[in-house]
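Undergrad: Single-letter residue listing:
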Amino acid sequence: MSWFSQTLTSSIGKKLLMALTGLFLISFLVIHATINAMIFYNDGGETFTHWGHFMGTNPIIRTLEIVLVAGFLIHIADGLILWKNNREARPIGYAVNNRSANSTWYSRSMGLLGTLLLIFLVIHTAHFWIPNRSNQFATGEELNLYQMMLDIFQNIWVVLIYVGGCISLFWHLLHGFKSAFQSLGWNHVKYNGIISFVGTAFSIVIPLLFALMPISMYLGWVK
Amino acid sequence: MEGNMSLSLKVWRQSNKETAGGFENYKLDSVSPDMSFLEMFDVLNEQLIEEGKEPVAFDHDCREGICGSCSMYINGRPHGPLRGVTVCQLHMRSFNDGDTIVVEPWRAQAFPVIKDLVVDRDAFDRVISAGGFVSVNTGNAQDANSLPVPKEAADDAFSAAACIGCGACVAACKNASAMLFVSAKISQLALLPQGQAERSIRAEKMVAQMDAEGFGACTNTGACSAECPKEISMENIARMNREYIGAKFSSSAV
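Order-wise, the sequence lines are chains A and R. Going by the numbering used here, the first residue of the first sequence is number 1, and it counts up by one from there. Going by the numbering used here, the first residue of the second sequence is number 1, and it counts up by one from there.
Certain hints may be false.
Unchecked claim - With beta-carbon atoms standing in for the labels, derived distance ranges:
no., chain 1, residue 1, chain 2, residue 2, range
1, R, Arg63, A, Leu112, 52 to 62 Å
2, A, Gln154, R, Ser250, 55 to 65 Å
3, A, Ile167, R, Gln196, 33 to 43 Å
4, A, Thr9, R, Asp125, 32 to 42 Å
5, R, Ser94, A, Ile204, 34 to 44 Å
Hints in this document: simulated from the structure, not taken from any laboratory. Each residue gets a CB set at the ideal place from its N, CA and C atoms; glycine is no exception.
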């Protein structure tokens with residue numbers, strides 16, 4: 001095995017990959033949340049559609065989209081491999097285990113939270129991204145995503161699934177954001193405070209912003 | 001005696017590596033709150049011997065918290081309910097009269113049970129053999145000022161070197177990861193001038209051995225550090241990540 005693949009398949013290398021793809025996906029969340037938040041202009045989707053059109057047609061963004069899909073796939077595949085390896089490291093568990101005494105439940109549940117997010121991701125892309133891109137390939141025309149949002153978010157069950165997805169995202173980020181820096185070796189007295197603060201703030205703000213979108217459309221605040 | 005406690009014990013019994021084990025229940029009637037947890041086990045074993053039964057095998061040596069031999073998972077926590085102590089320093093006053101105490105061995109693929117509560121921790125020795133040392137010529141000690149060490153580096157190296165290799169980090173970790181142990185051993189040498197010559201190859205070899213032993217990866221839950229009797233910091237794991245990634249991308253070992 002070359003030194004490079006040796007590095008990436010080691011326990012620390014797998015965590016390095018999780019951290020790098022995780023931070024990349026976090027940067028994607030910033031863009032995704034910002035553009036979607038354009039619906040709060042409440043201008044019938046004009047600003048949102050303008051930026052949605054830019055994201056859907058700009059050649060640089062479209063190329064980065066391939067990197068984004070790769071980022072998702074690596075994060076998911078690597079996460080599953082880690083989950084399997086970590087389970088194999090303890091074939092016989094404890095009869096009595098008082099884990100809450102030494103760690104938070106969400107830090108121990110990243111695999112479960114990630115799986116919930118994966119299920120949500122499948123539902124979410126089936127709602128918007130897949131039909132839109134399919135239509136672009138077939139006809140070259142984009143779909144009216146704003147109208148699709150208004151329609152889809154009339155169903156209370158869909159709204160609840162989206163809010164559930166946002167709650168999973170909150171817990172996943174609350175550990176993942178800070179954990180990524182630790183995996184990268186970035187544990188330093190000068191930066192730990194700011195990483196912790198930004199990590200917590202990010203974990204609250206982004207999922208809250210996302211959750212408000214289906215809620216606002218369901219309740220008719222955004223038309 | 002006045003003030004002594006009655007306890008129910010649920011202890012893991014297993015004859016050897018090959019056979020399946022199970023829990024046995026024991027009753028102790030007059031346990032002094034001033035006994036250490038291991039002394040309580042001595043009393044139990046006396047009782048078992050008198051009854052003609054096989055005593056419980058458990059690891060112990062110095063009984064003063066510095067050897068890293070004792071290894072019991074007590075009521076769901078390595079070394080029991082207190083922070084920063086080993087089982088030998090845990091006293092029965094930390095429990096109440098009438099308590100049921102569950103005692104299990106460390107659980108990890110890399111730490112097979114040898115007998116009852118004794119596990120095989122040779123995996124740690126093999127990680128150390130892979131690179132946890134400095135190769136220096138023997139001879140007279142150098143003049144004290146010939147190798148300047150900053151106070152902060154000396155303090156950090158000392159904190160890392162406090163690791164007694166008991167394996168509580170592996171036992172506590174949901175992934176049975178040995179990263180706190182290995183990172184402490186890498187750190188204590190990486191921080192000092194004597195460790196510089198083999199710094200890169202040490203990180204590469206020790207991590208490779210750690211993975212080969214079948215320990216899990218790190219999820220950064222912090223359980224290891226919280227349960228460590230020597231309170232080794234998670235900063236060491238971050239340092240090991242830097243050492244390993246840096247070594248892998250810059251050393252001349254292909």
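Undergrad: Are the hints correct? Go through all of them and say.
TA: Hint check results:
1. R/Arg63 with A/Leu112: 52 to 62 Å: With Cβ atoms ~41 Å apart, the hint is violated.
2. A/Gln154 with R/Ser250: 55 to 65 Å: Since A/Gln154 and R/Ser250 have Cβ atoms about 57 Å apart, the given range 55 to 65 Å holds.
3. A/Ile167 with R/Gln196: 33 to 43 Å: violated (48 Å)
4. A/Thr9 with R/Asp125: 32 to 42 Å: violated (25 Å)
5. R/Ser94 with A/Ile204: 34 to 44 Å: Taking Cβ atoms as reference, R/Ser94 and A/Ile204 lie about 38 Å apart, which means the hint holds.
The structure fails hints 1, 3 and 4 (numbered hints given earlier, in ascending order).
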